Amino acid sequence: MSLVHVTTKVNGDEAEFLCEPRETLLDVLRDRLGLTGSKEGCGTGDCGACSVTIDGRLVSSCLVLGVEAEGKEIATIEGMAQGEALHPLQRKFIEHAALQCGFCTPGILVAAKSLLEKDPDPSEEDIRYWLAGNLCRCTGYDKIVRAVQDAAKEMREGV
Amino acid sequence: MRYHKPASFAQAIDIASTSEGITRFLAGGTDVLVQLRADIVSPDDLIDIKHISGVREITKRADGGYDIGIAVSGAEMSEDDVLMADWPGLVEAMDLIGSTQVQGRATLVGNLCNASPAADSVPAMIAAGVTLTVEGPTGAREVAVEDIPTGPGKTALEKGEMITKVHVPARGENAGDAYLRFIPRTEMDIAVVGCGVNLRLEGDTITEARVALGAVAPVAALVPEAAKALIGTTLDEAALAALAKAAQEACNPIDDKRGTIAFRTDVAGVLAQRAAKIAYARAKGETK
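Protein chains in written order, with this note's numbering: chain A, 1 to 159; chain B, 1001 to 1288.
Incorrect hints may appear among the rest.
One side only, chain A facing chain B, incomplete, derived with CB under 7 Å [unchecked claim]:
id, residue
1, Thr36
2, Gly43
3, Ser51
4, Leu58
5, Val59
Hints are computed from structural coordinates only; laboratory data are not their basis.
From a predicted model like this one, the values you see are computed outputs, not experimental measurements.
Don't be surprised by glycine CBs; every beta carbon is placed ideally from N, CA and C.
Only chain B is shown next, with the shape it has when bound in the complex (with noise of 0.2 Å):
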């Protein structure tokens, strides 16, 4: 194995798409090194992301979201409180991710691209509309995170094309995201359910909503139904109906020892419901 300290993304870029075997990026490692310790993956190529310039930074930008770089860690994340202010569903689910150990090295785009149906950030990166900028040999193009997993494990990524930056939207007024999952513990599992909503609000009325699963597909999705179901209600008994049935309909989970089908269906719309309320009240700037 070859490693790789490369000082800018066209270097990085330049040893993935020349190298003839298995490469890796190295950001946190935390999905990468448990897989090239069990020989799961050995890769030949391995590019340790983390020496190029500004990939350890979180940025404001002037249209108030934020640029986060492919390294930084759920604990810089965490620690970040006007991020925090603004998206705390999204935070949080990065939080969820393993250990406090975990935490000082795990990132974002590792999470996303290790394609884990029940990866915690990805169903809130989706629910917040975040989109990322891949850069590749033949030029750079901005993706929605929901367009990046396509099976467990798998990716949209071409032969030596990177996320090189994450964009998480302006928050804007009158809005607030949540994720919830469900794990049988209190802490350091696997979701057997996920679910971010980020809605906006005008008044008590509700007029853009977000609502995306996890682990309850081969992939973590977004689910227009169940957005559609909360748009132009202030979230009263039958608007949460509609949205548990939605989501419950979008489900297609396997039956494992976490979780049958039917559990995960069920939960997926609970989950769905309280997400809800709690990104409601954040909205109306009831609860941070």
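Just chain A, same shape as in the assembly (with noise of 0.2 Å):
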């Protein structure tokens, strides 16, 4: 099977890489590209462990082939914190206690961030049907939307 060349950008800088179609977004980023950040739960699209973001757009990475990156954006829980200085979404979850085993957290981290790009002053429930598709195993996801709430009202403040 011949490998297809892609050309994109992750995390804002350039990535190339050599897949088989059939790879997954999510193989390719683990496998190829080395950030194993994303995690694989299910692989069906149900966990949401695999989340990054296309272009903006939240989704799951094992539901996206590799191919289909080319000329994209994609944005990874590895591009969230600034060098050393985490972002407020992951200060937040560990001053809450919003993880346990932390398997499910990188996609959760990123999937509050987009909803925060999106509404900075979500509520309660806008938050548990954003993050409904994020499966955690261990926190009863009430430490998680006590987090996201925090963060969100520090980055609306400006703290």
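Put the complex together from the two separate chains, hints included.
This is how it looks when you write it as structure tokens:
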């Protein structure tokens, strides 16, 4: 099987890779680009652990082919902190203990960031619906919702 | 598997009609990639139609209706305030499918051609009177949404044929639509019953009605008897009772872990009544 050459942008940096047509974007990110922050939970678009954005749109990278990334801008969890400085959502997840095993956390952070870019002041219901496709089997979600609310508040107030 | 990025419908049709193996069209991929990864369907030719001009656009036509490109995602439909104002039932039905992540990719045509009896957007499209342009090696034809699915996982599309445009009718005056589904959870589930209702009024009286049911038969279908129960009425108690009865009589559901035959049949009547009330209020301009 011949590999396809793909040129794309990941977290603002030009990236090139060769992949098989049936490889998912998640496989490419993890196995070809070494970006293992995005996780494979289910591989069927149900759990959200592989959430990334493509041209600003939140998607499950397990349901995108690597070849579809051509010419797109991908954002993953690895692009969220600025060097050593954590994103407010990341800090608040730590403060609120909004994670236990951590497997779902990258996907939830990427999804929550996407929500706050669309709506800086979401209600609890908005947050719960937006994150309904991000499964967490540890926390019971409450601490996650509180952390997102607190981060949103801090980001709105520009503290 | 060969991956194709045709720049035109003609090229896409050419690839699909001359392929000697299994072909799949790729738009959002939320069904195709799941089937591919699980080895349920292993396409020899995967045809990514997102690079064809116009497929990502929603266009308001001169007659007041809409042409929706075949790669427009659910999220893009929900963000279109004008479409939402005219066809809230259709947009809400699409929006019920999957998670935020799935909404970023999933399309109306994908939902239709996956041909699940429980597809949420399909009863809403049928109720709205949505039609499609189908193009193939022998030319183009216009087809009503209800004529596409022929059974679970099966469509009326011939080899090499593809849906190239979705046509939503003009909304017109004093009209409204609604879609409701029953699921045991509040989000992220597959319809046990779905019902779309589309009404037009003169004063308080219903003059036009279309009712469609999903997940209660091998295919989502228009229920003309349910529409008849509504036309000429003001959605009074007798009309609602007749609507429920007609909807229930149209049911031919399966028994499975998500709902029994008796339960699905009963719920079909209830949802038809509730959706009719919402569509009626929207047609009167009482609610959005």
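Hint check results:
About 19 Å separates the beta-carbon of A/Thr36 from the nearest beta-carbon of chain B, more than 7 Å, and the hint is not met. Annotation: interface hint on A/Gly43 holds; nearest CB of chain B at approximately 6 Å, less than 7 Å. The beta carbon of A/Ser51 comes within 6 Å of a beta carbon in chain B, closer than 7 Å, and the hint placing it at the interface holds. Look at A/Leu58: its Cβ gets to within about 5 Å of chain B, closer than 7 Å, so that hint holds up.
The criterion of a C-beta within 7 Å of any C-beta in chain B is met by A/Val59, whose closest approach is roughly 4 Å, and the hint holds.
When each numbered hint is compared with the structure, a violation occurs for hint 1 only.
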